[in-house]
Amino acid sequence: MTASNASSDVLDCGRTIQELSEYLEAGRSPRDAEIEQCPECLNALESLSRVSDLSRDLFAADAASLPEPSAGWFGGILDQVAAELRSGRDLPVRHPDPRVRITVAEGAVRTLLRSAADELDGVFIGRTRIIGDVEELGAPVTIDVTASIAWDLDARAVADDVRRRIADVVARHTDLEVAAIDVTIEDVHAPQPRKDAS
Amino acid sequence: MAEPETGSRDLAALSDRILVERAVDDDVAAFAEIVRRHSPLMRAYIARMLRSQADADDVVQDAFVVAWRQLPTLRDGASVKAWLLRIASREALRVLRRSAKETPFEDWEPSTPESTRPEHVAERNARLTALAAALERLPEAQRRTWLLREAAGLGYSEIAEELDVPVSTVRGNLARARASIMIGMEGWR
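Chains as they are written, first to last, in this note's numbering: chain H, 1 to 198; chain E, 1001 to 1189.
In short, the hints are calculated from the structure, not lab data. Beta carbons are placed, not taken as given, at the ideal position from N, Cα and C, and that holds for glycine. Mixed in with the good hints, there may be bad ones.
In silico contact screen, one side only, chain E against chain H (beta carbon under 7 Å); selected entries [said to hold, decoys possible]: (1) Ile-1018; (2) Glu-1021; (3) Asp-1026; (4) Ala-1029; (5) Val-1035; (6) Tyr-1045; (7) Asp-1057; (8) Gln-1061; (9) Val-1065; (10) Trp-1083; (11) Glu-1150; (12) Arg-1171; (13) Arg-1178.
A short, non-exhaustive set of chain E residues, derived as facing chain H with CB atoms under 10 Å [said to hold, decoys possible]: (14) Leu-1019; (15) Ala-1023; (16) Ala-1047; (17) Phe-1064; (18) Leu-1128; (19) Ala-1151; (20) Gly-1172.
Required output: the full structure, derived from the provided sequences and hints.
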């Protein structure tokens, strides 16, 4: 614990902090046996590498004590985002009059399917894909969804429930010819209080 | 912070990966949860970079809009935090390059972590304050390089690309920054 003032960047063994910092930045490679056996150098290397941890602590502390963003900051982002939705392809809907062409946006159908399955307790849908030539009436399509489920649920039973829900909504609201519904349980999350009864 | 939409509280339990998938499928509430979850670190880091919280908030706001547009290109939703930090870094560097031609930033007082709890916390806060001061004393190129590496987690080659310098310069600046910070923090031995 010697107080070295002016030459605080030179160790008693003669190495400089700068040298050791470069050695550390190079991943301590190629290995320098002299440094690796010098207690002073090892001590300095230890302190140098702690600077990274301390930096991350500083940014975390900053983030924790940050003032709230100005009013409207959050909304400003979401307004912009809501104005730039991705509607996807156009899905045709049957109509008795052949001169009438009605379509529904793929994005709307995705939202419909996701919302329907989300109503199940402990289930949140991730990605929703409608695979196949959806722009052609009658063409077979596959619906592929991922989901996160509460960890106390039975994955197989949940997958069946999700499949049933989706099949039901597709049949009621679209003219898609569904060949298969694939459900991939991709993630689990902590169980939460029951969703509002609907 | 105001809840952006009803039901968003439920989404807080979900992983980044699931939230990103939902956001790609136009679920604005899922994106709102991503913003809520990751904006504090981004705002804090960019404020250090720009030395202005107001400017940082503008940059982070823009970064999230850019992120929304590019979200379908993000392969792995689990890495969204690093990805967002990279986007925000790029936006911040653009601001710095632009402002270099204009007036310098007004004086900025970096927040000093307050000691609210026991003594060992006060000691830790003193170290963080010393670190913050040492960071402020670094030459600008070293300071930026250090922030890109340690706050945003960018790799050497990414930093080299963003700052338009050779990788060897990045490595040298990091070594110099680390040495200066350590020497600048009293009582490191």
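Here's how the hints hold up against the structure:
Interface hint status for Ile-1018/E: upheld, as the beta-carbon distance to the closest one in chain H is roughly 4 Å, under 7 Å. A hinted interface residue such as Glu-1021/E counts as satisfied when its beta carbon comes closer than 7 Å to some beta carbon of chain H; here the least separation is about 4 Å, so the hint holds. With its C-beta approaching chain H no nearer than about 5 Å, Asp-1026/E sits inside the 7 Å limit, and its interface hint holds. Because the closest C-beta pair between Ala-1029/E and chain H is about 9 Å apart, greater than 7 Å, the hint is violated.
For Val-1035/E, the interface hint holds, the least distance from its beta-carbon to any beta-carbon of chain H being 6 Å, beneath 7 Å. The restraint placing Tyr-1045/E at the interface with chain H holds, with a minimum CB-CB distance near 6 Å, inside the 7 Å limit. Checking Asp-1057/E against chain H by beta carbon gives a least distance of about 5 Å; that is within 7 Å, so the hint holds. Given the 7 Å rule on beta carbons, the hint for Gln-1061/E holds: about 6 Å separates it from the nearest Cβ of chain H.
At its closest, the beta carbon of Val-1065/E sits 5 Å from a beta carbon of chain H; the interface hint therefore holds under the 7 Å criterion. Proximity of Trp-1083/E to chain H is violated relative to the hint, the smallest CB-CB distance being about 16 Å (cut-off 7 Å). Hint status for Glu-1150/E relative to chain H: holds, with the closest Cβ pair at about 4 Å, below 7 Å. Because the beta carbon of Arg-1171/E sits about 5 Å from the nearest beta carbon in chain H, less than 7 Å, this interface hint is met.
With 7 Å as the threshold, the beta carbon of Arg-1178/E comes within range of chain H, its nearest partner Cβ sitting at about 5 Å, so the hint holds. Interface hint at Leu-1019/E: satisfied, since its Cβ lies 8 Å from the closest Cβ of chain H, which is below the 10 Å cut-off. The restraint placing Ala-1023/E at the interface with chain H holds, with a minimum CB-CB distance near 9 Å, inside the 10 Å limit. Interface hint status for Ala-1047/E: upheld, as the beta-carbon distance to the closest one in chain H is roughly 7 Å, under 10 Å.
A distance limit of 10 Å between C-beta atoms decides the matter here; for Phe-1064/E the minimum to chain H is near 5 Å, and the interface restraint holds. With 10 Å as the threshold, the beta carbon of Leu-1128/E comes within range of chain H, its nearest partner Cβ sitting at about 5 Å, so the hint holds. The criterion of a C-beta within 10 Å of any C-beta in chain H is met by Ala-1151/E, whose closest approach is roughly 5 Å, and the hint holds. Taken as an interface hint, Gly-1172/E checks out: its beta carbon lies about 8 Å from the nearest beta carbon of chain H, inside 10 Å.
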